[in-house]
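From just these sequences and the hints, can you work out the full model?
Residue numbers (my numbering): -2 to 323.
Do not rely on the hints blindly, as some may be mistaken.
[To be verified] Computed beta-carbon distance windows for the label pairs:
{"hint": "1", "residue 1": "Leu315", "residue 2": "Trp185", "range": "37 to 43 Å"}
{"hint": "2", "residue 1": "Trp185", "residue 2": "Leu161", "range": "27 to 33 Å"}
{"hint": "3", "residue 1": "Trp47", "residue 2": "Gly215", "range": "47 to 53 Å"}
{"hint": "4", "residue 1": "Ala200", "residue 2": "Leu2", "range": "20 to 26 Å"}
{"hint": "5", "residue 1": "Gln76", "residue 2": "Ala40", "range": "52 to 58 Å"}
{"hint": "6", "residue 1": "Leu140", "residue 2": "Glu29", "range": "51 to 57 Å"}
For the record, the hints were derived by calculation from the structure and aren't laboratory data.
Computed from a predicted structure; not experimentally measured.
For every residue, glycine included, the Cβ atom is placed at its ideal position computed from N, Cα and C.
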Amino acid sequence: MLAGLVCLVTLVSVAAGQMTIPLTYVLRVLGEAAGLGTTPPPADATAVVWNIRLPRTLVGLLVGGGLALAGAALQGIFQNPLADPGMLGVSAGASVGAVLAIATGAASAAFYALPLFAVCGALGAIALTIALSVRRGGHIPVLTLLLAGVVVSMLLAAVTAAVLTAVNEQKMQAYLFWTVGGLDYRRWAHVALALPPFLVCAALLLLFSRQLNILALGETEARALGMRVTAWRVGLLVLASCLTASGVAVSGNIGFVGLVVPHAMRMLVGPDHRRLLPASMLAGAAFLVFCDSLGRVIGPSEIRVGIMTAFVGTPYFLYLLRKQNL
-2 MLAGLVCLVT LVSVAAGQMT IPLTYVLRVL GEAAGLGTTP PPADATAVVW
48 NIRLPRTLVG LLVGGGLALA GAALQGIFQN PLADPGMLGV SAGASVGAVL
98 AIATGAASAA FYALPLFAVC GALGAIALTI ALSVRRGGHI PVLTLLLAGV
148 VVSMLLAAVT AAVLTAVNEQ KMQAYLFWTV GGLDYRRWAH VALALPPFLV
198 CAALLLLFSR QLNILALGET EARALGMRVT AWRVGLLVLA SCLTASGVAV
248 SGNIGFVGLV VPHAMRMLVG PDHRRLLPAS MLAGAAFLVF CDSLGRVIGP
298 SEIRVGIMTA FVGTPYFLYL LRKQNL
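This is the structure in structure tokens:
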């Protein structure tokens, strides 16, 4: 059902917008691309679907699925249904990398500079968080890890603010535009940038769903079963952080996907990560593309997807808090 929902939302996203394109045209463009010999639609419709709408939608699927999958993994690692990819400083690290790329002019000089800086910043943030959390014997208490993530996020936010005070107004606007999060102006190059890390990290997280089930039992129980808890926790954290960083690098900061979607899927399919991880990935992809499509059609001008996820996710999250008495 979730896979069917993803397909339906994808078709609607490609068809909807300032220029509405009939679904038959969309299917004909896809059929022609697949070599099915379908009659091509008008040239303007083909250009909009193939060059603008389809890569934008595919980036949304990759980013939404990756953020939700990373959120589900982190909630299992921390045994906390309110964990999300931004809590370990990943998003703050990506923001530092992005503002450095913009401030130094690297973002305007090379297409891959800003995503590369963002990924490096995110990985540096998770490395610093883990380094601050390690205790003697390689033990990493969960609470210490969470607190270290909060501290690192605050430190990196201060670094970002300090760098922004030295840039001009044009670069400030470019950074603020990136922090809101959006899928506009995404092209096939962005799809190529996000796809490889998504495939690798998502495949590994899905493969390690059994280990996440063991970690969710608690550290004492996991050690009793023979698991090397610290090594698995760090490895899974790195995978979730890389998945988050690759999404943030091509879309900017988008909130609530990694927090709300896994929590909602846990209510539907249960806590078993063998079902929860793929369900969260599919639901996250559909949710983000739906929010992006909604932001394109509800007003005279486009509302960026980072704003839409906050508008849609905040009431639902408050409903979950009240229902679960959290």
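Verification of the hints:
Remark: the range hint 37 to 43 Å for Leu315 to Trp185 is upheld by a beta-carbon distance near 38 Å. Roughly 31 Å separates the CB atoms of Trp185 and Leu161, a value that falls within the hinted 27 to 33 Å. Trp47 and Gly215 have their C-beta atoms about 50 Å apart, which keeps the hinted 47 to 53 Å range intact. Take Ala200 and Leu2: their Cβ atoms lie about 22 Å apart, and the range 20 to 26 Å holds.
Between Gln76 and Ala40, the C-beta spacing of about 55 Å keeps the proposed range 52 to 58 Å intact. For Leu140 paired with Glu29, a C-beta distance near 55 Å keeps the hint of 51 to 57 Å intact.
Checked against the numbered hints above, the structure breaks none of them.
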